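Trainee: Chains B and Z, in that order, are what the protein sequence lines are.
Residue numbers are given in the working numbering: position 81 of the first sequence equals residue 81, and the series is strictly consecutive.
Residue numbers are given in the working numbering: position 89 of the second sequence equals residue 89, and the series is strictly consecutive.
Quick caveat, the hints were computed from the structure, so don't treat them as lab data.
Take every hint as true, because none was put in to throw you off.
Taking lysine-lysine and the DSS-like style, the derived pairs with C-alpha atoms no more than 25 Å apart in a straight line are: (1) B:42 x B:79; (2) Z:9 x B:42; (3) Z:57 x Z:9; (4) B:2 x Z:57; (5) B:95 x Z:71; (6) B:2 x B:45; (7) Z:57 x B:45; (8) Z:9 x B:45; (9) Z:9 x Z:71; (10) B:45 x B:79; (11) B:42 x B:95; (12) Z:71 x B:45; (13) Z:57 x Z:71; (14) Z:57 x B:95; (15) B:42 x B:107.
Looking from chain B toward chain Z, a few residues come up when the C-beta cut is under 10 Å (computed): (16) 41; (17) 44; (18) 49; (19) 100.
Label pairs and their in silico Cβ distance ranges: (20) B:81 x Z:79: 37 to 45 Å; (21) Z:62 x B:16: 41 to 49 Å; (22) B:67 x Z:10: 44 to 52 Å; (23) Z:8 x B:8: 26 to 34 Å.
Keep in mind that this is a model prediction, so the values were computed, not measured.
Note that CB positions come from ideal geometry on N, CA and C, so glycine has one too.
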Amino acid sequence: RKEVEQDPGPFNVPEGATVAFNCTYSNSASQSFFWYRQDCRKEPKLLMSVYSSGNEDGRFTAQLNRASQYISLLIRDSKLSDSATYLCVFPLGGKLIFGQGTELSVKP
Amino acid sequence: NAGVTQTPKFQVLKTGQSMTLQCAQDMNHNSMYWYRQDPGMGLRLIYYSASEGTTDKGEVPNGYNVSRLNKREFSLRLESAAPSQTSVYFCASSEARLFGGELFFGEGSRLTVL
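Put together the whole structure using the sequences plus the hints.
Mentor: Laid out in structure tokens, this is it:
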């Protein structure tokens, strides 16, 4: 099993929809994780940091399910500008491990 | 607000040629990193540097060398380019301890090896 796995998508949703992505991980010792956003052909940028069971920032909610070893990112009231690839990131063995990303496309 | 600056942004090489990717940050960060990104693979760490004068191997260091001559700059060198090194390369830096806190990325360097 890969250390971090994400559904690559694409997730195609209408504007205003609620969408959720999951990211599974294999190292149960992870105490923190991050979600980065990457626009097409651009650099990744930090979206959210989570150091406990979850975090909420406006329309975005990130949660950690330790029992099932996955994290999730929930986006409410999707905007066209939310279209991007979302990368989950874990610290592991002193490094940061990136998932391959989930592509989201929000349509009018 | 330059942040992390990478050059060149695009490069085409022939197999066996050498080149250096330059990276500079103006945020006074101690830690710097080089990643490559390939379709379906996510970002993979090539080399990193915790401070000026120190470098360490990441997940995929073979075929690359790095140099951290000062706090601002962290260069990545391909001595003899191979088609497998065709990729998008990102330099990043962080203020906090190594791999802690937010990573700030450059805009990327798109390398094609023919």
